[in-house]
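*Asks:* Residues per chain are reported as follows:
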Amino acid sequence: MPDEEVIEEGVLNPLKQEVQDPLLKQLMQESALEPEPQPAEIPLPTDEVDCLVIGTGAGGAPLLARLAMAGLKVVALEAGPWHDPKTDFATDEKAQEFLFWNDERLSAGKDPMAFGKNNSGTGVGGSTLHYTAYTPRAQPDDLHLHRDFGLGVDWPFGYEELEPYYEELEHFLGISGPTPYPWGPKRRRGYPLAPLPLNGAAQLMERACQQLGIQTSPAANAALSARYYQEGVGWREACTNRGFCQAGCSTGAKASMDVTFLPLAVAHGAEIRPNCFVTEIERDEQGRVTGVVYEHNGITQRQRCRHLFICAGAVETPRLLLLNELALSSGHVGRNFMAHVGVQVWGTFPEDIRPYKGIPGGLISEDTHRPPDADFAGGYLLQSIGVMPVTFAGQVVRERKLWGAKLRDYMRNYNHIAGINILGDCLPHEDNFLELAEEKDARGLPKPRLHFTNHENEIRMNRHAEQLMRRIWETAGATDIWVFPRSAHVIGTARMGLSGDDAVVNAEGRAFDVPNLYICDNSLFPSALSVNPALTIMALSLRTADKFLESEQRRDT
Amino acid sequence: MTSPHYPDGTVRGLLATELVSEATRTALQARLDAPLYEPQFLEPATYDLLRAVAACLFPQPDRPEAPIELAPGVDQRLAAGRSDGWRYDSMPPDREAYRLGLGGINQSAQVLFQQEFRALSLAEQATVLQLVQEGKAPGEAWEKVPADRFFEEILAELTELYYAHPLAQEEIGYVGMADAPGWTRLGLNELEPREPEAISPKSVL
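Chains as they are written, first to last, in my numbering: chain A, 1 to 557; chain B, 1 to 205.
All the pointers check out, no bait thrown in.
Now the stretches of chain B that chain A is said to cover, found in silico as 3 or more residues with beta-carbon under 8 angstroms:
| hint | segment |
| --- | --- |
| 1 | 20 to 30 |
| 2 | 49 to 60 |
| 3 | 80 to 92 |
| 4 | 189 to 198 |
Derived by calculation from the structure, the hints in this document are not laboratory data.
This structure is a prediction, so every number in the text was calculated from the model and none was measured.
C-beta atoms are modelled at their ideal positions from N, C-alpha and C, and glycine is treated no differently.
Use the sequences and the hints to build the structure in full.
*Replies:* And the structure:
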């Protein structure tokens, strides 16, 4: 066996970190956590950028473009590589595993959360490289669960703040969806493109829901149902129904950030640096961020900045803050970790379904947004789902515990299997949080440990949804129905709010503790919402950029 | 409903065509052409034990000459120190978990049948693994690694390796890799010519 010194994790540039920031060094010395490290010689770049953005996913990319378009000097640091999807992306789940954040996260609690392919991403474009492209808007009452139910916390602003950004995004990204949209407030503009065609699972759900009196509609998806002109990119071609969105789109039809906001940002002068892993955030004596230290191909680099935007996702963002003892005064960094209730129901049908074809989330219902018979706060949406074989097989063995001939027999039904699932709200709970573990990764940094346990509200919502989805699938003609309990997305670990007593950032996305630090990703959601988060993260990203630009203007006058 | 059977050779036939992209072909062909594998991480005896466990979890009487080899993928991953992005906090790190867990399977075999796992009949092996899955297997190794979680992890990893193999994909009638021209027939019972139809049970008999 190889020597035990061999790195334990899939980290490309294992390096012993040395603390550069004087304030952090002082803090560490005071708490006597580590012996005083010798600062390495890092070249001090003379250039300071206006805005430095960590992460190029749904949180970082839109604001990068917005700030570049305002004429600011902006740089984005991305931990992962820059791919060419047309040549690099295979239609193969194993070969595409490079899209996931595969540094190990420790999953604790009564319902330990799966990470990796379930909810993380790396590479220029972040998790949008493998999101399903499901892009429903939140509804107005999603933002005030506390007002309506006395649970959780409300967002520090109302739907009217997000609405113009939703509209802008739908038209910029080229979202395909139904007009008019059956649920939520009346819209000023419809979707720019017609919905994508329905696959087998979507047809089955549509058929059954019709019999049961549940309204359905083709869903809004950020994949093109027709050729679309993209500012900064040119023409993007229509979706070819590969059904492989969750393992990377090789055609550019899906509106991941690498084919939308990032080229737009670059066209306006933004610089994107791939393979840059940020380890340290440096501050001056007043506590203002002055720059960051990062690893690039094994070399330690520094980039100075006037303003920092951390958009690294709801695990790496709080991890960076905790590692750097930054913006911690509220005590809420890492807390309020929420994950959508995402239970799936699977069944076998006599019809040929071929679940690998077509946009996976073809059909939606939001009739369950506030179910009249609910015994829980909030609500959920229903969707039909396609599935790739390796992902499906992995779920089958974890949940049904099949192996041997029984497993091989069951899996031969793959072409006749269809699923539906929900995406439902989740409340923040005291015992659901992220912390730094004692165990180190190959960089010598503490691994994140995330505690997650479903509480009464999530359990009741799960039960409600499971009963309804079983009824739908029975009506659709399914046999051998089974349930895969699941939580989706990582939310809430650096939340926004009106007061620095119980929130990390203010209503504009700026840290209460640090005047030139902004956070933008799903870590700042005060509540989980009853819809998939990507579109709302992008809306917040554009809004954060606009609020920042307004405040800069105010300062100038 | 009995499970359908699909014809052999579908994926292999498609790999040679323009219907499969170059990146996809490269990934799948490498699995078909995998050379004989020498373990790099596990001791030879432990590696053989892993192979025996894999053979019990994925019996392949239909491929007596050349079963799909699942153990190499695990050994390669452990040697490279790769992770799938998360781990149950109750489990030790993957390398330790595999050593402890495979050792535990042998311990359980000894306690139950006074022989090591590889020497057992298929039925006895299945009994051992069933008890590991249920978290009821005897042996002190299971005090250091939870048996049921270890079983879940090894089964999930072997399963993902199995169904990533072109021959296993032929077995379940999956041809999603042949998507270079895209799909136009998406609805229920709508197949394109390159999607294989199931062989009716009668023609199998």
